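> The primary structure of each chain is shown beneath.
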Amino acid sequence: MVNEGGQLYTIEGVAAALLLLITAYFIVNSTSVYTPGDTHISDMQLEVLGADALAVMDTAPDSTVKKSPLRQIVEQEDSVLFNSIFLQTINARAGQRQDDIQYMANVTYVDPVDNTATSMHLANSSRPFTGTEHAVRVSRWVLVEKTFPGCAYTSCSGMHAALVEVLLWRD
Amino acid sequence: MTEENGVMSIDFLAGFTIFMLSFIWIATMVPGLFIGLNAHGIDYDAVAYRTGVILVEDPGAAGSLGVLRPRGIFSWEFQPDTRDVARFGLAISKDTPNILNDYKTDRFFCATAFAYPEDYRNRAFFTDHPYLFNISLKETDTNMVRSVGDLPPDNYGYIRRDVKLRQPSNATIDHLKIKAFGYTTTENVTFHRFSIVMNTTELLNDKLRNPAYQINPFTDRIIINITGLEQIRDPAFSASPYPNISAVDFYQHPHGQPSLTIPWYPSEDFLYEDGNTTPVRPPVDVHDGVSLIFGPGFFSTVLPNSDIYINLTFGMNGQEQPYLNNTQTLPFAYNYDPVNVTQPQLKDAVLEVAVW
Chain A
-10 MVNEGGQLYT
0 IEGVAAALLL
10 LITAYFIVNS
20 TSVYTPGDTH
30 ISDMQLEVLG
40 ADALAVMDTA
50 PDSTVKKSPL
60 RQIVEQEDSV
70 LFNSIFLQTI
80 NARAGQRQDD
90 IQYMANVTYV
100 DPVDNTATSM
110 HLANSSRPFT
120 GTEHAVRVSR
130 WVLVEKTFPG
140 CAYTSCSGMH
150 AALVEVLLWR
160 D
Chain B
9 MTEENGVMSI
19 DFLAGFTIFM
29 LSFIWIATMV
39 PGLFIGLNAH
49 GIDYDAVAYR
59 TGVILVEDPG
69 AAGSLGVLRP
79 RGIFSWEFQP
89 DTRDVARFGL
99 AISKDTPNIL
109 NDYKTDRFFC
119 ATAFAYPEDY
129 RNRAFFTDHP
139 YLFNISLKET
149 DTNMVRSVGD
159 LPPDNYGYIR
169 RDVKLRQPSN
179 ATIDHLKIKA
189 FGYTTTENVT
199 FHRFSIVMNT
209 TELLNDKLRN
219 PAYQINPFTD
229 RIIINITGLE
239 QIRDPAFSAS
249 PYPNISAVDF
259 YQHPHGQPSL
269 TIPWYPSEDF
279 LYEDGNTTPV
289 RPPVDVHDGV
299 SLIFGPGFFS
309 TVLPNSDIYI
319 NLTFGMNGQE
329 QPYLNNTQTL
339 PFAYNYDPVN
349 VTQPQLKDAV
359 LEVAVW
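Protein chains in written order, with the working numbering: chain A, -10 to 160; chain B, 9 to 364.
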């Protein structure tokens, strides 16, 4: 026998379906989805800048200068010079305001006699690295002529490679 | 007889059908919904990064219909018709990323050569999307900023690149150098000849050089300043009229062959007097100094492995007197000796790309 009970269920079903769809539409349209790719963008920008700064520092200003500023800094362990050149290079902008990127730099070298790698602090910006910063790492191999501390004279003499590593972060 | 169970099934079927049709319709809209989220921001940063890489790490390219200039110069910056530029790129070569060529940079930021935004969009962004952008280059030591494009809005894609900007070589021949090199001849004549030589074999092929430090007379701007000429005049003739440059001649000397004139050069405007910015043409009186500024490509018609001679003839107004003359010594060599020539300098600069 036909009655009107089914109509109510149909109207409820349609109303619920529309309610669900409208809710889903509004949620999806209003939420900002912060994907892992977004964080990667700012990391990538810092990495590019750091790699550029080290590359620029490892370029001699003209052909009469035989050693790049970065090579001189590593050979003389000149943290003051590294600090001034690196900060000026990495924070330079085309506009008036400078950027505010912080850094900590190490030099790693290998003693071929016992094949041990040793890291040596090179320089850091005014705010020291605490470990809680979201930092990115850039590095560059530099050819140097230097006997590093703790390295046997015969094993570290002459030209050899040292790795300059820099941690970069924004406040 | 009609059962009530059947009513329920039909109602359920109708409701479920409406739901499924709506769901499918919404599902087809989902990709469009996500475009309205953060996709544009991510996209713009990526576009800025890509354009930054193209400008800083690539030397650029001329189109297939581009003009092949003599000496194999086929770079985009030498194309007289800007439509023959296929891709911008400011790097000196593929092997020297982050080191920008000064002439490419000049051409890139030349507002009369290229129109914003179309010309740049087709050659640095490669897209049909109507991006707007701002590209700026600041030289760190002079704080000089060159830019193309609009002011960026609040949200835009961004990349910054630290670069070196190559400055061309130049030679300054001052009165100390003139005396040290013995260019003040004691010969009293009415015309004096002073020669400058560029040995292209030595400049380009003497050994494997980093292109960043190479002097290429075919593509570089060549600047020669002769100063302190007042001080080398014989005091006995100080009341006489000023000498004049009566001619500037160019010769090429292919090895093992006689000297030839250079068949064609692009401009007569290369001679400047006493630091003035307006070029002059011989004959012209010489007071204290002259500058010879040859634009990039000036010597592009010279034969390979030739020495280029620039000969200046000074007229002494019919009076026999000493002056600048190296016919008895050697031509002044424009080479890699830092005593003679200030070598190409790499200056710090920063390039920013903002896209929206």
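Derived by calculation from the structure, the hints in this document are not laboratory data.
Mixed in with the good hints there might be a few duds.
[Unchecked claim] Just so you have them, the derived chain B footprint on chain A, three or more residues with Cβ under 8 Å:
| id | segment |
| --- | --- |
| 1 | -3 to 10 |
| 2 | 42 to 56 |
| 3 | 60 to 69 |
[Unchecked claim] Cross-link-like lysine-lysine pairs, in silico, DSS-like; alpha carbons within 30 Å at most:
| id | chain 1 | residue 1 | chain 2 | residue 2 |
| --- | --- | --- | --- | --- |
| 4 | B | Lys102 | B | Lys355 |
| 5 | A | Lys135 | B | Lys215 |
| 6 | A | Lys56 | B | Lys355 |
| 7 | B | Lys187 | A | Lys135 |
| 8 | B | Lys146 | B | Lys187 |
| 9 | A | Lys56 | B | Lys146 |
| 10 | B | Lys185 | B | Lys355 |
| 11 | A | Lys56 | B | Lys187 |
| 12 | B | Lys185 | A | Lys135 |
| 13 | A | Lys135 | B | Lys146 |
| 14 | A | Lys56 | B | Lys102 |
| 15 | A | Lys55 | B | Lys146 |
| 16 | A | Lys55 | B | Lys102 |
| 17 | B | Lys102 | B | Lys215 |
| 18 | B | Lys355 | A | Lys135 |
| 19 | B | Lys185 | A | Lys55 |
| 20 | B | Lys355 | B | Lys146 |
[Unchecked claim] What follows is a list of derived Cβ distance ranges for each label pair:
| id | chain 1 | residue 1 | chain 2 | residue 2 | range |
| --- | --- | --- | --- | --- | --- |
| 21 | B | Asp149 | A | Leu132 | 36 to 44 Å |
| 22 | A | Leu152 | B | Ala35 | 28 to 36 Å |
| 23 | B | Pro88 | A | Val69 | 49 to 57 Å |
| 24 | B | Gly303 | A | Gln77 | 27 to 35 Å |
| 25 | B | Pro312 | A | Asp88 | 44 to 52 Å |
| 26 | A | Met148 | B | Pro312 | 31 to 39 Å |
| 27 | B | Tyr250 | A | Leu132 | 31 to 39 Å |
| 28 | B | Val61 | A | Asp67 | 27 to 35 Å |
| 29 | A | His110 | B | Val61 | 13 to 21 Å |
| 30 | A | Glu1 | B | Thr36 | 24 to 32 Å |
| 31 | B | Asp282 | A | Glu134 | 45 to 53 Å |
| 32 | B | Val288 | A | Pro50 | 51 to 59 Å |
| 33 | B | Thr286 | A | His123 | 55 to 63 Å |
| 34 | A | Pro50 | B | Val61 | 22 to 30 Å |
Bear in mind that the values here come from a model prediction, so they are computed numbers and not experimental data.
A virtual CB, placed ideally from N, CA and C, is assigned to each residue, including glycine.
> Against this structure, judge whether each hint is valid.
Taking the hints in turn, this is what the structure says about them:
Figure legend: the segment -3 to 10 of chain A, annotated as covered by chain B; annotation consistent (7 residues with Cβ-Cβ distances under 8 Å, at least 3 required). A count of 9 residues in the segment 42 to 56 of chain A with a Cβ less than 8 Å from any Cβ of chain B is obtained; the coverage claim is therefore met, three being the minimum. Given as covered by chain B, the segment 60 to 69 of chain A fails the check, having 0 residues with a CB less than 8 Å from a CB of that chain where 3 are the minimum. The hinted pair formed by B:Lys102 and B:Lys355 meets the criterion: a straight-line CA distance of about 19 Å does not exceed 30 Å.
This hinted pair checks out: A:Lys135 and B:Lys215 have alpha carbons roughly 28 Å apart, not beyond 30 Å. As the CA atoms of A:Lys56 and B:Lys355 are separated by approximately 16 Å, the hinted pair is consistent with the 30 Å bound. A hinted pair counts as satisfied when its Cα atoms are at most 30 Å apart, and B:Lys187 with A:Lys135 does not qualify at roughly 43 Å. Taking the CA atoms of B:Lys146 and B:Lys187, the gap is near 40 Å; set against the 30 Å cutoff, the hint is violated.
The hinted pair formed by A:Lys56 and B:Lys146 meets the criterion: a straight-line CA distance of about 25 Å does not exceed 30 Å. Distance restraint check for B:Lys185 and B:Lys355: the Cα-Cα separation of roughly 27 Å lies within the 30 Å cut-off, and the hinted pair is therefore satisfied. Pair hint A:Lys56 plus B:Lys187 does not hold up; C-alpha atoms about 33 Å apart against a cutoff of 30 Å. Restraint check for B:Lys185 and A:Lys135: not satisfied, since their Cα atoms lie roughly 39 Å apart, outside the 30 Å limit.
Taken as a hint, the A:Lys135 and B:Lys146 pair is broken in the structure, with Cα atoms around 35 Å apart against an allowance of 30 Å. At roughly 23 Å between alpha-carbon atoms, A:Lys56 and B:Lys102 fall within 30 Å of each other, so this suggested pair holds. For the hint pairing A:Lys55 with B:Lys146, the CA-to-CA distance comes to about 26 Å; that is within 30 Å, so the pair holds. The hinted pair formed by A:Lys55 and B:Lys102 meets the criterion: a straight-line CA distance of about 22 Å does not exceed 30 Å.
A C-alpha spacing of about 19 Å is found between B:Lys102 and B:Lys215, which places the hinted pair at or below 30 Å, so the restraint holds. At most 30 Å may separate the alpha-carbon atoms for a hinted pair to count; B:Lys355 and A:Lys135 meet this at roughly 27 Å. At roughly 25 Å between alpha-carbon atoms, B:Lys185 and A:Lys55 fall within 30 Å of each other, so this suggested pair holds. Note on B:Lys355 and B:Lys146: the hinted pairing holds, with a Cα-Cα distance of about 11 Å set against a maximum of 30 Å.
Our hint of 36 to 44 Å for B:Asp149 and A:Leu132 is violated, since their Cβ atoms are close to 27 Å apart. Look at A:Leu152 against B:Ala35: about 51 Å separates their beta carbons, and that is not inside 28 to 36 Å. For B:Pro88 and A:Val69, the hinted distance range of 49 to 57 Å is satisfied, since their beta carbons lie about 50 Å from each other. For the pair B:Gly303 and A:Gln77, the beta carbons lie near 33 Å from each other, so the given range of 27 to 35 Å is met.
Between B:Pro312 and A:Asp88 the CB atoms are about 47 Å apart, so this pair conforms to the stated range of 44 to 52 Å. For the pair A:Met148 and B:Pro312, the beta carbons lie near 36 Å from each other, so the given range of 31 to 39 Å is met. Evaluation of the 31 to 39 Å hint for B:Tyr250 and A:Leu132 yields a failure: the beta carbon distance comes to about 54 Å. In this structure, B:Val61 and A:Asp67 meet the distance hint of 27 to 35 Å, their C-beta atoms being roughly 32 Å apart.
With their beta carbons about 32 Å apart, A:His110 and B:Val61 fall outside the hinted range of 13 to 21 Å. Checking the proposed 24 to 32 Å range against A:Glu1 and B:Thr36 shows it holds: the Cβ atoms sit about 26 Å from each other. Under the hint 45 to 53 Å, the C-beta atoms of B:Asp282 and A:Glu134, about 47 Å apart, fit the expected range. Distance hint check for B:Val288 and A:Pro50: the Cβ-Cβ separation is about 34 Å, which falls outside the suggested range of 51 to 59 Å.
Our hint of 55 to 63 Å for B:Thr286 and A:His123 holds, since their Cβ atoms are close to 57 Å apart. Between A:Pro50 and B:Val61 the C-beta distance comes to about 24 Å, which sits within the given range of 22 to 30 Å.
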